[in-house]
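J.: Protein chains in written order, with this note's numbering: chain A, 1 to 112; chain B, 1001 to 1430.
Simulated from the structure, these hints should not be mistaken for lab results. A few of these clues could be false.
Said to hold, decoys possible - The list that follows gives simulated cross-link-like pairs (lysine-lysine, DSSO-like), each with its CA atoms no further than 30 Å apart:
| hint | chain 1 | residue 1 | chain 2 | residue 2 |
| --- | --- | --- | --- | --- |
| 1 | A | Lys5 | B | Lys1173 |
| 2 | A | Lys57 | B | Lys1241 |
| 3 | A | Lys57 | A | Lys5 |
| 4 | B | Lys1135 | B | Lys1403 |
| 5 | B | Lys1279 | B | Lys1031 |
| 6 | B | Lys1198 | A | Lys57 |
| 7 | A | Lys55 | B | Lys1198 |
| 8 | B | Lys1031 | B | Lys1135 |
| 9 | A | Lys22 | B | Lys1241 |
| 10 | A | Lys55 | A | Lys22 |
| 11 | B | Lys1164 | B | Lys1279 |
| 12 | B | Lys1173 | B | Lys1279 |
| 13 | B | Lys1173 | B | Lys1135 |
| 14 | B | Lys1372 | A | Lys15 |
| 15 | A | Lys55 | A | Lys5 |
| 16 | B | Lys1279 | B | Lys1135 |
| 17 | A | Lys22 | B | Lys1372 |
| 18 | B | Lys1241 | B | Lys1198 |
| 19 | B | Lys1135 | A | Lys15 |
| 20 | B | Lys1241 | B | Lys1135 |
| 21 | A | Lys15 | A | Lys55 |
| 22 | A | Lys57 | B | Lys1173 |
| 23 | B | Lys1164 | B | Lys1031 |
| 24 | B | Lys1403 | B | Lys1372 |
| 25 | B | Lys1031 | B | Lys1198 |
| 26 | B | Lys1279 | B | Lys1241 |
| 27 | B | Lys1198 | B | Lys1279 |
| 28 | A | Lys57 | A | Lys15 |
| 29 | A | Lys15 | A | Lys5 |
| 30 | B | Lys1372 | A | Lys55 |
| 31 | B | Lys1241 | B | Lys1173 |
| 32 | B | Lys1135 | B | Lys1164 |
| 33 | B | Lys1241 | A | Lys15 |
| 34 | B | Lys1198 | A | Lys22 |
| 35 | B | Lys1279 | A | Lys15 |
| 36 | B | Lys1241 | B | Lys1164 |
Stated by the list, open to error - To be clear about the criterion: a stretch of chain A counts as covered by chain B if any three or more of its residues have a C-beta under 8 Å from a C-beta of chain B, and this derived list gives those stretches:
| hint | region |
| --- | --- |
| 37 | 22 to 34 |
| 38 | 48 to 60 |
| 39 | 64 to 74 |
| 40 | 78 to 85 |
If you're wondering where the values come from, they're calculated on a predicted model, not measured in any experiment. No residue lacks a Cβ here, since even glycine has one placed at the ideal position from N, Cα and C.
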Amino acid sequence: MPDGKLTLITGRSLKQGTGLNKGKDSSEYREAVTTVEMNGGDMTRLGLCDGDLVKIKTSHGEATVQCRRAELPEGMAFIAYGPLSSCLIGAETHASGMPDSKGLEVEMERIS
Amino acid sequence: MQIDHVVCAFCGCVCDDLTVTLEDGRVTGVKQACALGRAWLLGHSAEADQPPALIDGQPASLEEAVEVAAQILSQARYPLIYGLSSTYCEAQRQAVALADLLGATIDCCTSVCHGPSGIAMQVVGEPTCTLGEVKNRADLLIYWGSNPAESHPLHFARYAVTPKGLFIPRGRKDRTVVLVDVRPTASARAADIFLQIKPGRDFECLWALRALIRGLDLEESAVADTGLTLAQLQDLAGRMKSCRFGVLFVGQGLTQSRGKQMNTAAAFMLVRDLYAHTKFAVIPMRGHGNVTGIDNVLSWQTGYPFGVNFSRGYPRFNPGEFTAVDVLGRGEADAALIVASDPVATLPRVAARRLAQIPTVALDTHGSETTKVARVVITTAPAGISAEGTIYRMDNVPLRLRKFLPSPYPSDEEVLGRIVERVTQLRARN
Ligand code: SF4
């Protein structure tokens, strides 16, 4: 796998759900939807530590988020549904109505 | 004051045994709820400080906002009505009436959560059961691409994994729980068996299981690159055939990954095949509180569960053509009415951006990314707290939401009813 290329899964998380109810301007919601989780090996390979800012790019857009080590398979990243994950997803639904929200090819780049 | 048997309308579990404490007209305590339900009840009972409506960002009266909303919608050539997953069926019914009146496209959050399950249901049929049957009978539970520990936190304890049932006298000990996912989620801790598949390989795994259940011999190479070995799939197929009552819960891991409706159709076919051996059922893990309700209301009124267009005077269904992401992403919709949903935060950016470019009317209980860009915002009372009506649990069981806290704001049903009334007058005049 070339450097920085990962498979991104977007999904629900408990923090995103509770933060949502505290308000979309609450710090809990903001933190939940602006953090990307990654495998420890990938983080080391990309020279990343917990809390570092990374730019995630897809062919549809980009987002700057914090990264955090989590129990994930190598080559995979996870971000909770929210305004930033939406920036990375295209509007093509292949006649299903459903955009490709999981299994996105992304490029990650350290920015701090 | 204490109120018992409160129904939580936040997620598809629709837990109906919560106890709520009220002090000074606010919810101050919640018992029997999960963290999500608690946050929902506490968060939604505290807001009474918003203006009844906003027009172009300026406070306005409800009457003024209904008038502008009705003008926007009736002047549009291709209006879109979207959302509706977090309101109750009586309000949803008004939204369908409005779509019919306007010749609009009406779509709900289903298209971006379990639309592919709806398509599978149309193609294969839905061999399903209620959560009551799961609790009382299911000895094999398979979660595929679903993470209930975070999305439906009380699902395991109330309906599926731990409760004792009529034919499951020892509860957890009498059940086998399997989790299939691309990552070890928080739900993996509740499972006896965790099968980690590769992203985008759901269809291949489901199809291999179908072959094994039909007694076909597969070679290891047939399942190469799925993340699972043939032995793991053979073991699962064996458990599926030999259980007394199995249930396959499908989540967005299937509907949002490569294959989408092919994945869910494969899952539904697999369950149908299992009828040759035992009793099996499939249940989509529906997310938002009443997203199952809008599917039911739309199906009952138009014949279709989401993505319905009325421009020819009769309902037409076509995912990819009449679904919100497509209608907005292609820049077709020229006005929108968003009810109880926040598509600006959740839809792909191109689609979300369109909502900021066209006149959008938003009905919501609180501020959101969508209310920030909407031309007209109307504050409504939260369903299940300050508005009563019907809600459908994820297994299609209807329950009654109660109103236990007064609200200065009207219900979604009332506001939509007023818009319907005003649009009817405007159309009669033209
Ligand atoms: S599991 Fe769902 S319905 Fe039950 S209390 Fe939690 S959020 Fe509410």
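J.: Can the restraint linking Lys57 of chain A and Lys5 of chain A be considered satisfied, given a maximum Cα separation of 30 Å?
T.: holds (10 Å)
J.: Holds or violated: are the alpha carbons of Lys1403 of chain B and Lys1372 of chain B at most 30 Å from each other?
T.: Within the cut-off at roughly 28 Å; holds.
J.: Does the structure keep Lys1135 of chain B and Lys15 of chain A at a Cα separation of 30 Å or less?
T.: OK: Lys1135 of chain B and Lys15 of chain A at ~28 Å, within 30 Å.
J.: For the pair supplied as a hint, Lys1279 of chain B and Lys1031 of chain B, confirm whether the alpha-carbon distance does not exceed 30 Å.
T.: Not satisfied, since the Cα-Cα distance of roughly 36 Å exceeds 30 Å.
J.: Given the hinted pair Lys5 of chain A and Lys1173 of chain B, is their alpha-carbon gap at most 30 Å?
T.: It is violated: about 43 Å lies between the C-alpha atoms, which goes past 30 Å.
J.: Is the listed coverage of the region 22 to 34 of chain A by chain B valid when you require three or more residues with a beta carbon under 8 Å from a beta carbon of that chain?
T.: holds (count 4)
J.: Would you check the hint for Lys1164 of chain B and Lys1031 of chain B, treating anything up to 30 Å between C-alpha atoms as holding?
T.: holds (21 Å)
J.: Are 3 or more residues of the region 64 to 74 of chain A near chain B, judged by a Cβ distance of less than 8 Å?
T.: Result for this restraint: holds, n = 3.
J.: Next pair to validate is Lys55 of chain A with Lys22 of chain A; report whether the Cα-Cα distance is within 30 Å.
T.: holds (27 Å)
J.: Hint check: Lys1173 of chain B vs Lys1135 of chain B, CA-CA at most 30 Å. Holds or violated?
T.: With a Cα-Cα distance of about 13 Å, the restraint between Lys1173 of chain B and Lys1135 of chain B holds, given a limit of 30 Å.
J.: Below or equal to 30 Å on CA atoms is what counts here, so check Lys1031 of chain B against Lys1198 of chain B.
T.: violated (39 Å)
J.: With the threshold set at 30 Å, check whether the alpha-carbon distance from Lys1135 of chain B to Lys1164 of chain B stays at or below it.
T.: holds (7 Å)
Violation of the numbered hints given earlier is confined to hints 1, 2, 5, 9, 22, 25, 33, 34, 35 and 38; the remaining hints are satisfied by the structure.
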